[in-house]
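Please construct the entire structure, taking both the sequences and the accompanying hints into account.
4 protein chains.
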Amino acid sequence: MIKIGIVGGTGYTGVELLRLLAQHPQAEIVAITSRGDAGTMVADMYPSLRGRVGLRFEDPAKANLAGCDVVFFATPNGIAMQQAPALLDAGVRVIDLAADFRIKDIAEWEKWYGMTHACPAWVERAVYGLPEINREQIRSARLIANPGCYPTAVQLGFMPLIKAGLVDINSLIADVKSGVSGAGRKAETHILFSEASDNFKAYGVAGHRHLPEVRQGLAGMAGAAVGLTFVPHLTPMIRGIHATLYAKIRSEADFQMLFEQAYAGEYFVDVLPPKSHPETRSVRSSNTCRIAVHRPQGGDTLVVLSVIDNLVKGAAGQAVQNMNLMFGLEETTGLCQLPLLP
Amino acid sequence: MIKIGIVGGTGYTGVELLRLLAQHPQAEIVAITSRGDAGTMVADMYPSLRGRVGLRFEDPAKANLAGCDVVFFATPNGIAMQQAPALLDAGVRVIDLAADFRIKDIAEWEKWYGMTHACPAWVERAVYGLPEINREQIRSARLIANPGCYPTAVQLGFMPLIKAGLVDINSLIADVKSGVSGAGRKAETHILFSEASDNFKAYGVAGHRHLPEVRQGLAGMAGAAVGLTFVPHLTPMIRGIHATLYAKIRSEADFQMLFEQAYAGEYFVDVLPPKSHPETRSVRSSNTCRIAVHRPQGGDTLVVLSVIDNLVKGAAGQAVQNMNLMFGLEETTGLCQLPLLP
Amino acid sequence: MIKIGIVGGTGYTGVELLRLLAQHPQAEIVAITSRGDAGTMVADMYPSLRGRVGLRFEDPAKANLAGCDVVFFATPNGIAMQQAPALLDAGVRVIDLAADFRIKDIAEWEKWYGMTHACPAWVERAVYGLPEINREQIRSARLIANPGCYPTAVQLGFMPLIKAGLVDINSLIADVKSGVSGAGRKAETHILFSEASDNFKAYGVAGHRHLPEVRQGLAGMAGAAVGLTFVPHLTPMIRGIHATLYAKIRSEADFQMLFEQAYAGEYFVDVLPPKSHPETRSVRSSNTCRIAVHRPQGGDTLVVLSVIDNLVKGAAGQAVQNMNLMFGLEETTGLCQLPLLP
Amino acid sequence: MIKIGIVGGTGYTGVELLRLLAQHPQAEIVAITSRGDAGTMVADMYPSLRGRVGLRFEDPAKANLAGCDVVFFATPNGIAMQQAPALLDAGVRVIDLAADFRIKDIAEWEKWYGMTHACPAWVERAVYGLPEINREQIRSARLIANPGCYPTAVQLGFMPLIKAGLVDINSLIADVKSGVSGAGRKAETHILFSEASDNFKAYGVAGHRHLPEVRQGLAGMAGAAVGLTFVPHLTPMIRGIHATLYAKIRSEADFQMLFEQAYAGEYFVDVLPPKSHPETRSVRSSNTCRIAVHRPQGGDTLVVLSVIDNLVKGAAGQAVQNMNLMFGLEETTGLCQLPLLP
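Chains as they are written, first to last, in the working numbering: chain A, 54 to 395; chain B, 54 to 395; chain C, 54 to 395; chain D, 54 to 395.
Certain hints may be false.
Any copy, or any two copies together, can satisfy a pair, since identical chains are not distinguished.
[Claimed, not checked] Below, computed lysine-lysine pairings styled on PhoX-like, alpha-carbon distance capped at 25 angstroms:
| # | residue 1 | residue 2 |
| --- | --- | --- |
| 1 | Lys-239 | Lys-164 |
| 2 | Lys-328 | Lys-239 |
| 3 | Lys-115 | Lys-56 |
| 4 | Lys-301 | Lys-115 |
Source of the hints: derived by calculation from the structure; they are not laboratory data. Fair warning: this is a prediction, and the values are worked out from it, not measured in the lab.
Have a look at this one:
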């Protein structure tokens with residue numbers, strides 16, 4: 054059994070980690086921390102876990118995280134960079150679900166996140182935890198930067214095209230839509246039910262923190278800087294990301310076959326048949342990414358549709374997938390539950 | 054492995070059976086039928102099952118249902134009573150998720166369902182599949198009448214009070230609210246998104262088919278006829294039933310303790326602490342019923358709150374629970390997945 | 054033109070007052086205050102009002118409220134009782150949309166609201182602003198206690214029965230369901246989209262602040278204390294209240310005709326034909342209450358269904374209706390807009 | 054008073070016409086037809102209209118449409134082209150809310166709509182009813198082709214850029230999102246509540262009928278054919294369209310000022326301040342289009358956000374706006390109601 058600690062378990066990625074790990078045959082959650090809710094039974098905050106998770110939230114200062122094999126940080130940005138180094142030095146492996154270790158360019162990170170980075174050295178050593186790209190490095194990683202939700206959907210959607218060099222990398226467009234749980238469980242007015250339901254809007258068009266993360270990932274595939282317009286939207290559903298991606302064709306190919314071959318061996322990426330339109334609910338609660346590729350009217354613009362559950366493949370599920378790789382388990386262990394539909 | 058057939062698998066209870074059985078360690082689905090969609094891959098209709106369910110819908114006339122150990126009917130009312138007898142005679146066990154075998158009084162059934170019953174003899178032999186009431190009979194049953202969704206929530210909520218004889222059984226009230234999936238996957242105007250969302254209404258106040266089913270169940274507990282007012286409502290959510298139950302106290306007792314003791318050994322019934330309000334999402338996708346009992350203002354009226362997922366404990370999950378009992382498996386096999394929250 | 058001030062205009066009842074008054078032919082909004090948002094253009098906070106409402110939120114201390122003909126308090130409970138007396142003494146009429154002046158029994162109010170009342174004398178002089186009950190008193194009132202949303206729906210639903218003395222007033226039950234906007238625009242976790250959507254729950258079963266208000270109103274109709282069980286629920290829609298009311302028949306009558314006659318002259322109360330089920334959306338955005346009366350199975354329990362838009366007939370619309378009466382206008386002025394459906 | 058007939062009043066554009074016209078000071082609805090529901094009171098089908106619309110649906114064959122000043126067709130595609138010519142010949146003006154007269158190229162229309170056109174001559178004489186483009190022609194038109202919902206949002210969003218010749222018209226992208234009411238009130242499975250809620254998907258990526266309509270409109274502005282990728286999505290809300298438009302800059306300009314000046318005199322088009330994100334709810338129930346223009350990261354791609362209520366500015370409201378122009382009324386008559394928020 055893998056001894057697991059979770060730092061900051063009261064948010065949606067935290068409770069989703071609990072849901073997945075409580076059903077994982079090799080996982081033993083030994084500590085879960087929360088500064089504000091220390092002492093509270095986890096199952097009192099999340100009645101869905103009653104009878105299955107018997108832990109209490111612990112004060113982070115008192116929890117025996119150093120005795121864990123791996124610690125997940127499900128904290129706001131800026132926490133893991135403070136606390137992870139000590140654990141890493143003690144030999145604990147760390148998976149950060151926030152953004153602290155995702156951007157290799159420290160100055161870029163500091164610009165977008167508005168903080169001075171506390172441990173640039175660990176950024177360099179961190180492995181970006183998108184297994185479909187970095188599987189081998191993840192296996193031996195000590196520190197994983199778990200990808201953002203939008204970046205997961207967008208990178209998996211663009212990857213085959215960019216790696217094959219078939220599209221113009223200077224004019225990529227990602228029009229992305231997220232369910233409201235992507236904004237977390239913070240008490241903020243704009244994500245109240247009465248504000249966010251029966252409504253649709255774009256946000257952060259001037260610049261969203263996932264833009265540099267996606268750009269870095271796509272540049273890595275292309276071997277060159279990319280031009281990307283990234284427009285996020287809030288859509289009135291709880292879970293789900295739908296990325297609609299646009300790319301200009303530079304060289305002809307059988308794009309359907311390209312995608313099918315690129316993901317032929319990937320358990321968690323499902324390329325749909327031609328003319329398909331993946332629905333977010335077809336991956337709800339599962340670690341799967343479903344992708345369809347279109348060439349409308351036979352023109353020169355490709356449209357790729359990519360859907361994930363933002364809390365699973367976009368956060369907690371991918372983190373467990375990374376853990377499985379790091380500990381030599383079958384990559385799919387604990388992650389084979391079928392999507393919930395309807 | 055238990056060889057399983059599903060008749061009428063294209064509706065919501067059908068796909069939910071598939072979701073549960075595809076993950077059940079002792080289940081082997083060998084046939085699934087649909088008159089209208091014969092030949093279609095199940096996963097083409099339900100992309101959530103891609104890669105996990107490789108079956109095609111078969112014409113009911115051609116499917117080898119007689120070779121199954123058990124056949125589930127996820128059909129409209131009136132189908133199972135036509136087709137089940139032949140299977141039963143062939144030694145196949147049958148679990149009917151519709152209402153054909155639920156009401157023992159044939160005249161009553163015919164009045165509410167507007168059909169002549171095709172096999173009254175099997176109604177008599179059928180066992181009502183609410184394990185928390187009928188567990189022993191279910192183990193040896195050949196034909197299970199799987200309870201309705203409302204009746205499950207209402208009977209589990211009233212049972213401890215009625216069995217203990219503590220409330221007036223002549224003035225029971227069940228004010229029940231259902232998510233829209235309870236109306237099935239029929240293309241009907243009133244359950245369109247634009248009709249049912251951002252809206253709330255009662256329906257069937259003059260008389261709903263679940264009323265005689267609940268009355269029969271409660272009368273069985275009481276050993277006498279009961280007076281019940283039953284008012285169903287449609288609420289804009291996909292899954293979930295919330296029953297708000299009212300009963301006049303006739304004899305004093307520690308009602309919280311009564312409920313806790315009544316369900317102490319039940320894995321799928323969770324009595325919440327005093328002052329709790331169960332949310333439907335706390336049981337979403339799970340086979341659990343959560344119950345709270347209140348006595349507002351210390352008055353003479355008890356209020357019991359009972360929630361289930363209508364497609365799981367209210368339909369497919371309970372059917373699998375019954376199957377487990379019938380085949381000597383651990384009752385919880387394949388049914389331990391944690392609720393999906395948020 | 055009636056010169057109008059609004060205190061606390063940033064919440065949902067505030068913006069709804071603005072929507073209605075900006076379209077009212079006799080209304081001139083001269084001041085709107087907000088402590089936290091003083092200086093902000095109203096239309097910057099509520100873009101729906103762009104081009105139509107040119108006001109800025111003002112600091113309450115600086116706004117010329119004393120120069121108004123009437124001031125609406127759309128504030129949290131406990132504010133109006135502090136600020137209204139000075140305005141009233143200056144000859145300004147006041148309509149309080151909060152609860153400060155609703156309960157005549159000061160001790161009862163203080164128990165439920167957890168505060169010492171600041172001006173009991175004005176409670177005595179306040180008129181409860183439910184025009185269908187108190188129309189004549191409202192015309193000459195200086196201070197209106199605008200009813201709560203649940204109390205409006207429940208009182209209008211029970212009134213004909215209780216006034217006629219036809220039901221047992223000791224065992225009344227009100228099972229009430231509210232859209233989420235009823236909880237206001239406060240940034241609180243439980244009303245986040247990801248918490249409140251696709252979910253249904255009861256709350257406040259032990260005791261809700263609208264219980265004493267409803268009890269007082271029903272007692273006034275009955276001429277005696279009433280026994281009432283009051284169970285509120287949160288339902289995933291923005292606007293709307295659906296009250297399902299239960300009463301035991303004591304004397305026979307033509308209950309349909311009773312309701313039709315009781316509300317024959319009321320523009321804002323619509324009694325539906327027999328066997329109807331009013332939907333909340335049928336009154337969305339309008340000041341109408343729709344009511345249906347049922348006697349299921351011909352038994353001894355009546356079921357009354359009553360729906361309103363909680364922000365209109367349950368708050369801002371009723372306040373404008375009261376203003377119209379107070380200033381000698383046609384009662385329906387500015388309130389005839391048709392419901393928005395779908 | 055303008056005497057008005059409505060053909061096909063049972064769908065969402067029909068009931069929305071009724072809502073608007075019943076409140077229009079110059080409108081007198083004299084006939085409303087429905088083949089399937091002839092004889093039914095309008096208010097029995099739409100209780101929101103009780104007390105305000107006293108008409109019955111009439112058989113189209115019997116209704117006195119020829120006695121009307123104007124007839125609205127709120128019918129499925131292919132009906133108006135059959136029935137409008139006789140009315141037009143009788144001197145009745147016609148506003149078709151369907152697509153029969155929108156596309157000038159008959160062959161193109163027949164390809165997309167799969168029918169032979171019944172009256173090409175009237176297509177030539179029809180005026181495309183987008184007042185912000187065609188106001189003068191509309192005033193004298195006898196037959197109006199009322200624009201589609203997507204085309205309205207997309208054309209208003211692109212118009213200033215294309216008319217000014219500032220963007221590359223060969224690589225335009227319209228990523229558009231619609232509420233479910235855009236699919237109409239047909240009983241179809243994919244728009245059931247349980248299918249469409251808590252879900253997001255693209256559809257019709259290979260080709261949607263609004264594509265040729267938008268292309269025709271944009272080509273008219275550009276004076277040349279345009280290259281457009283058009284991707285529609287279904288989003289779980291009742292009303293609203295959000296168009297996210299992408300265009301490559303060819304010539305520099307102050308784009309904010311360009312938009313503000315282009316729409317300076319337009320009552321129903323509201324250009325938001327820089328950095329704004331219009332929400333669909335900010336126009337819910339109103340005839341307004343709100344637009345914001347962005348240039349992310351100062352790059353060479355402009356992003357225009359354009360929102361409308363698909364049933365108002367995208368259908369019935371625009372139809373009434375056209376009627377006002379045709380009959381010499383103030384263009385805003387009956388269309389000034391404020392949006393419903395929340």
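#### Entry: Violating hint indices (sorted, rising)
4
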